[in-house]
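Which chain is which? The protein sequence lines are A and B, in order. Using my numbering, the first residue of the first sequence is number 1, and each one after it goes up by one. Using my numbering, the first residue of the second sequence is number 1, and each one after it goes up by one.
Quick caveat, the hints were computed from the structure, so don't treat them as lab data. It is possible that some hints are incorrect.
DSSO-like cross-link-like pairs, simulated, lysine-lysine; straight-line CA separation at most 27 Å [said to hold, decoys possible]:
| no. | chain 1 | residue 1 | chain 2 | residue 2 |
| --- | --- | --- | --- | --- |
| 1 | A | K9 | B | K100 |
| 2 | A | K57 | B | K2 |
| 3 | A | K57 | A | K71 |
| 4 | B | K42 | B | K112 |
| 5 | A | K14 | B | K42 |
| 6 | B | K100 | A | K70 |
| 7 | A | K71 | A | K14 |
| 8 | A | K57 | B | K112 |
| 9 | B | K56 | B | K42 |
| 10 | B | K2 | B | K42 |
| 11 | B | K112 | A | K70 |
| 12 | A | K57 | B | K56 |
| 13 | B | K42 | A | K71 |
| 14 | B | K100 | A | K71 |
| 15 | B | K42 | A | K9 |
With the Cβ distance kept under 10 Å, some of the chain A side facing chain B (calculated, not the full set) [what the hints assert, rightly or not]:
| no. | residue |
| --- | --- |
| 16 | V4 |
| 17 | Y33 |
| 18 | C91 |
Per the computed footprint, the stretches of chain B lying under chain A, defined by three or more beta-carbons under 8 Å from a beta-carbon of chain A, are [as the list claims (entries may be wrong)]:
| no. | segment |
| --- | --- |
| 19 | 41–50 |
| 20 | 93–104 |
All figures in this text were calculated on a predicted structure; none of them were measured in a lab. We treat Cβ as the ideally placed atom computed from N, Cα and C, and that holds for glycine.
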Amino acid sequence: NAGVTQTPKFRVLKTGQSMTLLCAQDMNHEYMYWYRQDPGMGLRLIHYSVGEGTTAKGEVPDGYNVSRLKKQNFLLGLESAAPSQTSVYFCASSYPGLAGVASNTDTQYFGPGTRLTVL
Amino acid sequence: QKEVEQDPGPLSVPEGAIVSLNCTYSNSAFQYFMWYRQYSRKGPELLMYTYSSGNKEDGRFTAQVDKSSKYISLFIRDSQPSDSATYLCAMRLGSSNTGKLIFGQGTTLQVKP
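Throw the hints in and build the complete structure from the sequences for me.
Have a look at this one:
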């Protein structure tokens with residue numbers, strides 16, 4: 001199993017350009033997430049999905065859109081990139097767990113990240 | 001005030017030292033508590049996962065949860081240079097049907113040989 005993969009690994013954009021980040025998972029997970037990680041800020045949730053065809057806003061959704069047309073894929077789009085979107089982007093996936101039980105099977109598994117620079 | 005607070009460090013210790021990493025939180029509804037380890041330029045990976053209060057041990061690592069104080073800790077015994085990484089605490093509501101996690105800022109640890 002490849003786990004969670006992200007494409008591309010690196011990207012440099014100019015202000016105003018658009019791009020799509022692709023996340024794919026082969027663990028049959030229901031839930032998928034997009035985070036951004038900035039120095040001193042930890043991981044901040046951008047958007048998430050609890051199933052195919054559903055998406056919801058996270059903590060910092062402005063300037064981003066997402067789509068989950070297939071269960072295994074979660075796409076993050078930047079329509080008009082801004083320098084403030086320079087960051088490392090991580091995708092994660094998880095499986096719904098049983099109430100009252102902590103199991104490694106229901107926690108989030110992360111991809112390797114995409115480093116995005118917006119000039 | 002952030003829901004989850006974590007001292008960002010950096011923390012530098014000699015090899016063999018006992019390391020204590022901590023997080024405080026404000027929401028008493030958190031029931032699931034995790035520690036992730038993140039090596040430089042890599043994605044976070046799950047290290048420890050506990051439900052409610054108590055201790056959990058796995059090799060050199062011990063996770064503690066004190067819900068009355070809203071405080072969680074990760075202890076690393078006999079620290080090794082390979083433990084050098086950023087450690088992120090994360091928490092989830094007991095009633096969550098989305099699996100959403102709230103992360104601390106992460107503590108950067110360096111273990112010197």
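Each hint, compared with the structure:
1. A:K9 / B:K100: 24 Å, holds
2. A:K57 / B:K2: Holds, because 19 Å separates the two Cα atoms, which is no more than 27 Å.
3. A:K57 / A:K71: Roughly 18 Å between the alpha carbons, so the hint for K57 of chain A and K71 of chain A holds.
4. B:K42 / B:K112: Distance ~21 Å between K42 of chain B and K112 of chain B Cα, so the pair holds.
5. A:K14 / B:K42: 25 Å, holds
6. B:K100 / A:K70: 20 Å, holds
7. A:K71 / A:K14: 31 Å, violated
8. A:K57 / B:K112: At roughly 41 Å apart (the allowed maximum being 27 Å), K112 of chain B and K57 of chain A break the hint.
9. B:K56 / B:K42: At roughly 26 Å apart (the allowed maximum being 27 Å), K42 of chain B and K56 of chain B satisfy the hint.
10. B:K2 / B:K42: Holds. K2 of chain B to K42 of chain B sits at ~25 Å (cutoff 27 Å).
11. B:K112 / A:K70: Judged against 27 Å, a Cα distance of about 46 Å means the pair is violated.
12. A:K57 / B:K56: 33 Å, violated
13. B:K42 / A:K71: The given pair, whose Cα atoms are some 24 Å apart, holds under the 27 Å limit.
14. B:K100 / A:K71: Given pair K100 of chain B, K71 of chain A holds - Cα atoms ~18 Å apart, limit 27 Å.
15. B:K42 / A:K9: 11 Å, holds
16. V4: 8 Å, holds
17. Y33: Where the cut-off is 10 Å and the nearest Cβ of chain B is about 8 Å from Y33 of chain A, the hint holds.
18. C91: Holds. Min distance 9 Å.
19. 41–50: Since 8 is at least three, the answer is holds.
20. 93–104: Check passed, 8 qualifying residues.
Against the hints set out earlier in the document, violations occur for numbers 7, 8, 11, 12.
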